[in-house]
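Participant: Read off the chains here:
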Amino acid sequence: MNLTSFIPLLLALGLSPLLPGVINRTKAFFAGRRGPPLLQTYFDLWKLLQKGAVYSRTTTWLFRAGPIIGLAATLTAAMLMPLGNVPALIAFPADFLLFAGLLGVARFFIVVAALDTGSSFEGMGASREVFFSALAEPALLVALATLARQADMLSLSTLFGPVSGAHWLPAGPVLILVVIALMILLLAENARIPVDDPNTHLELTMIHEVMVLDHGGPDLAFVLYSSALKLWLFAALMVGMILPATGNSGLSLLLAVGGMLIVAVVVGVIESVMARLRLVIVPQLLVGAGALVAVAFLLSLV
Amino acid sequence: MKTGAASFIRNGDAVALAEIPGLDLDDFREQILQSCENNGRVMALFGQPGGADNVRLYVVLANDTEGQLTLCSTEVAARYPALTPACAQAHWFEREIAEQWGVLPEGHPWLKPIRFHHSCRPGHDAWNRSAETPLRPGVTDFFTMTGEEVHEVAVGPVHAGIIEPGHFRFQCHGEKVYHLEISLGYQHRGVERALVGGPNKRTIPYLETLAGDTTVGHTLAHCEAIEALAGCRVPARAQVLRAIAVELERLANHTGDLGALAGDVGYLPTASYCGRIRGDLLNLTALICGSRFGRGLVRPGGVLFDLDESRQSQLNERLEQARKDVTNAVNLLWDAPSVRSRFENAGPVSRATALELGLVGVAARASGIERDVRAQFPSGIYRFAQIPMSLYHTGTVFARAHVRWMEIQRSLAFIFDQLQGLPEGPVRAEIGPLASNRAVISLTEGWRGEICHVALTDPAGKFAHYKVVDPSFHNWMGLALALRNQQISDFPLCNKSFNLSYCGHDL
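Sequence lines, in order, name chains B and A.
Residue numbering for the first sequence follows the working numbering, beginning at 1 and increasing consecutively.
Residue numbering for the second sequence follows the working numbering, beginning at 1 and increasing consecutively.
A couple of the hints might just be wrong.
Mimicking SDA-like on lysine to any residue, the simulated pairs with C-alpha atoms at most 20 Å apart in a straight line are [as the list claims (entries may be wrong)]:
no., chain 1, residue 1, chain 2, residue 2
1, B, Lys47, B, Met79
2, A, Lys324, B, Arg33
3, A, Lys201, A, Arg299
4, A, Lys201, A, Cys232
5, A, Lys324, B, Ala31
6, A, Lys176, A, Glu152
7, A, Lys176, A, Gln420
8, A, Lys324, B, Arg278
9, A, Lys324, B, Ser127
10, A, Lys112, A, Ile204
11, A, Lys112, A, Pro85
12, A, Lys324, A, Gln187
13, A, Lys462, A, Leu17
14, A, Lys201, A, His124
15, A, Lys462, A, Gly432
16, A, Lys176, B, Leu277
17, A, Lys176, B, Leu279
18, A, Lys462, A, Ile204
19, A, Lys112, A, Ala131
20, A, Lys201, A, Ala429
21, A, Lys112, A, Val150
22, A, Lys462, A, Ala435
23, A, Lys324, A, Gly296
24, A, Lys176, B, Gly32
25, A, Lys176, B, Leu18
26, A, Lys176, A, Asn485
27, A, Lys112, A, Gln68
28, A, Lys176, B, Phe30
29, A, Lys176, B, Pro283
30, A, Lys324, A, Ala336
31, A, Lys176, B, Val130
32, A, Lys324, A, Asp308
33, A, Lys176, B, Ser127
34, A, Lys176, B, Gln284
35, A, Lys176, B, Phe131
Some chain B residues flagged as far from chain A (calculated, every beta-carbon gap over 12 Å) [said to hold, decoys possible]:
no., residue
36, Ala28
37, Ile184
38, Pro218
To be clear, the hints were calculated from the coordinates, so they are not data collected in a lab.
This one's a predicted model, so the numbers in the text were calculated from it and none came from an experiment.
Beta carbons: idealized from backbone N, C-alpha and C, even for Gly.
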């Protein structure tokens, strides 16, 4: 293990709350508003960490464990994610399976914590989250498997090198399909429009937000931080594929961070130019993403 | 059966109480049921303490196509056979009568309180509750469904947004809503009772704050009632200024609603722009009278503020700018396919259902019903300057949004037109005492729909009874039915497309 391997993790820890800020500023630009400060998520996290938490008498330890396990699992997943040409802190063959699994664990505990409250709103949100993730998770796995197949590598830390840059010429169709599918998954998994609306206050329409309605204080800070990290990880997947590999570590890290910000801007643009889908249409979108990666996988076998 | 010609009255005409046909109960029922079968509808149905231990029921029946109003009454004792089973429009009116006067409409299929207050006739209670029983809004029986996978969702009265309190009970199977029951009454203040004995210094403030977003609409309906009772002729200039104020109120609210509809589907540009433009439009009302909501503008006899030339040209200019802005913002909405796919097919109310429930205003016109006080029961300047009715046929969220957009365009054209030829002269006439023992029906098309005020005066020329029917009173049931077989996640969108008033309903 090399000390530079800490850099991708530290960047994720330090910069991930910046992404929601960039998205919000982009949305504000399109709406003709000034928007919140870029660092608003940091301020929110700081504020929430100062607060106490209130727990309903109907909840059990599961409710308190949800945000903590969720954050722990997401942090572990972040340790598997390389950035630029710097490998991740932990890398071993087939670690992408663990990556997808850890995100699943985080989700499972957030869902269980939501159900633990017994609230009908949170129950609805949990049901929606589980339904949609049942469609999104296979798509993510197949997308990662396609990349692994294309690169002929089995670790996240090594598979991006061979699929980026010059590799786009021969393998273009496969990679384009995967990038589009990953973008859809990023929007779906991170509660963005067109799948979910992170800004809405309407409990009946929410998916992710409604599951964490009862969390407050440090618990809510954990949830917010996990969300920001998750967004960072999905963006890192896309950036790893798209950005050309360079020999210089410093330059590639700089490019990668710039790429992350561009992904955030793209998300902001998408949110600004379209409305949310009807909830019944969301599965069609996710199945569509699944179909794209399935085709990509078949093409990569050729 | 037929009734005498005296029973037909016009919007804003005072008639002697003695001329209101007092029918026996069977004829009264027959009159209502027949009217509802022949293009008629129940505009208002209310009680007032009558002789002995009785309650006198009054009904205002309207025939939209002929522009005809019928007012008649009957006397009932402790109970009478309910109208609701044969005429769904009477549903909430009969519940209101039961709650206010302790008269039992026998055979009413869903007799529950609507505002959760004690009877206004001590000792009479339709549910035999004692006067000491504390009543809490929403504490009542709800329609329930049973079954393995049926679940119930309760929303409110405390909501996540800054809106009024109301309780919504959904019976769902998964995401699908089978039934929605709406329980209101949290904002009941007793406005109607407080108006009895007036008019006095408090009357106008009560009316102006009866539903804050419809200040001009309700105050205008009230002032026209007073003017009819006092035999006062309002100067032409005041009539035009009133109409401009009503249309500005419509513009501001419709614009705000379109923005809020965009916000509910997560379409940000229109949501932000319309929010700002709504403010610009409210400021135009403030330009006329100094209050963004039009308080202090409309008074019996005319208006309190004249529009001098410089402010008139300023109003014209700023309205033109708002017209450009709102056109741009709303066209963004229509041009986004993702928005269209959310609006279309959501929350449909068929024409038949809308007719049966007696919906009014935007909700009725969006279901293809020609129903607009400005065209069918015009008063003031609307008798001379007509606004085309805005209709759409599908009854969906899209239809209600589209009708709003058409009305925005037509109200803008109307105001520009009126500003061109603003009549000269005074803006207020002297107003004398009210005639005694009279009744008047005063209608205004507020931005939400038809506002109906009925005032009855006593021998001293004071209000013996004052009935306010806000458009929301007719339309809440429409929202409940619009949700049937819809996705529960579309409720906020459907709700916003109706945008009904809680305080206007609760009074």
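Participant: Which hint numbers does the structure go against, in order from smallest to largest?
Facilitator: Violated hints: 1, 7, 8, 9, 10, 12, 14, 21, 23, 24, 25, 27, 28, 32 and 36; rest satisfied.
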